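Trainee: Residue-level listing of the chains:
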Amino acid sequence: EPEVTQTPSHQVTQMGQEVILRCVPISNHLYFYWYRQILGQKVEFLVSFYNNEISEKSEIFDDQFSVERPDGSNFTLKIRSTKLEDSAMYFCASSGGWWGDTQYFGPGTRLTVL
Amino acid sequence: AQKVTQAQTEISVVEKEDVTLDCVYETRDTTYYLFWYKQPPSGELVFLIRRNSFDEQNEISGRYSWNFQKSTSSFNFTITASQVVDSAVYFCALSEASEGGKLIFGQGTTLQVKP
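Each protein sequence line maps, in turn, to chains A and B. Take 1 as the starting number for the first sequence in my numbering and just add one per residue. Take 1 as the starting number for the second sequence in my numbering and just add one per residue.
Because the hints were derived from the structure by calculation, they are not lab data. Keep in mind that a hint or two might mislead.
[As the list claims (entries may be wrong)] In silico SDA-like pairs for lysine to any residue, Cα to Cα no more than 20 Å straight-line:
no., chain 1, residue 1, chain 2, residue 2
1, A, LYS42, B, SER53
2, A, LYS42, B, VAL46
3, A, LYS42, B, THR80
4, A, LYS42, B, THR5
5, B, LYS3, A, PRO2
6, A, LYS42, B, LYS70
7, A, LYS42, B, ASN58
8, A, LYS42, B, GLU59
9, A, LYS42, B, GLN83
10, A, LYS42, B, GLU10
11, B, LYS38, A, GLN41
12, B, LYS38, A, LYS57
13, A, LYS42, B, GLN69
14, B, LYS3, B, SER87
15, A, LYS57, B, VAL46
As the structure is a prediction and not an experimental result, all values here were calculated from the model.
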């Protein structure tokens, strides 16, 4: 069964450093998302991406964040200058259709900012 | 105001008991979708069910069942004869036509099933 994959599973970085989180969505899916979950809290939407453009972004997704689909399979989230409060689990998701279609999530990347 | 409310923060049951997880949502849209996801201790988010606002039929899948009631804006999830492997955090989520594709999650309910 096709699945969303994410690398790395855990990333530790120093405050102020740039990090890139990588995702490989399900191959025939067209819509891609990033969510984050601060430890013990709910899952929060960051950004959605379709046709090489951001479709929607939340207020969390400020200028420090960017997304890219550098090739036909990868989907990346970059945080330019990490802050302590960026420590969270970051989930990538993909869906075949637009709103209302089921989003399938990857296993997540745990980001720890020291 | 919370759009998705899961008032039960933690529930603890003994194996084989039935348990219902509550989800109340708020939306002005007439067209929307509701979801349940399971987050086991390993941390991934596992899709369980999707329901659209025009389909109020209850659904049963094995030991799992869902009760969707538009009149009370609720989409409750029942596990029958719970098992230790059901121990997880369960999230209810809403997707509204007016808000595009994003999922709005509730706070989650932690279910602990004791042997």
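Trainee: Could you work out which of the previously given hints the structure breaks and list their numbers from low to high?
Mentor: Hints 1, 3, 5, 6, 7, 8, 9, 12, 13, 14 and 15 not satisfied by this model.
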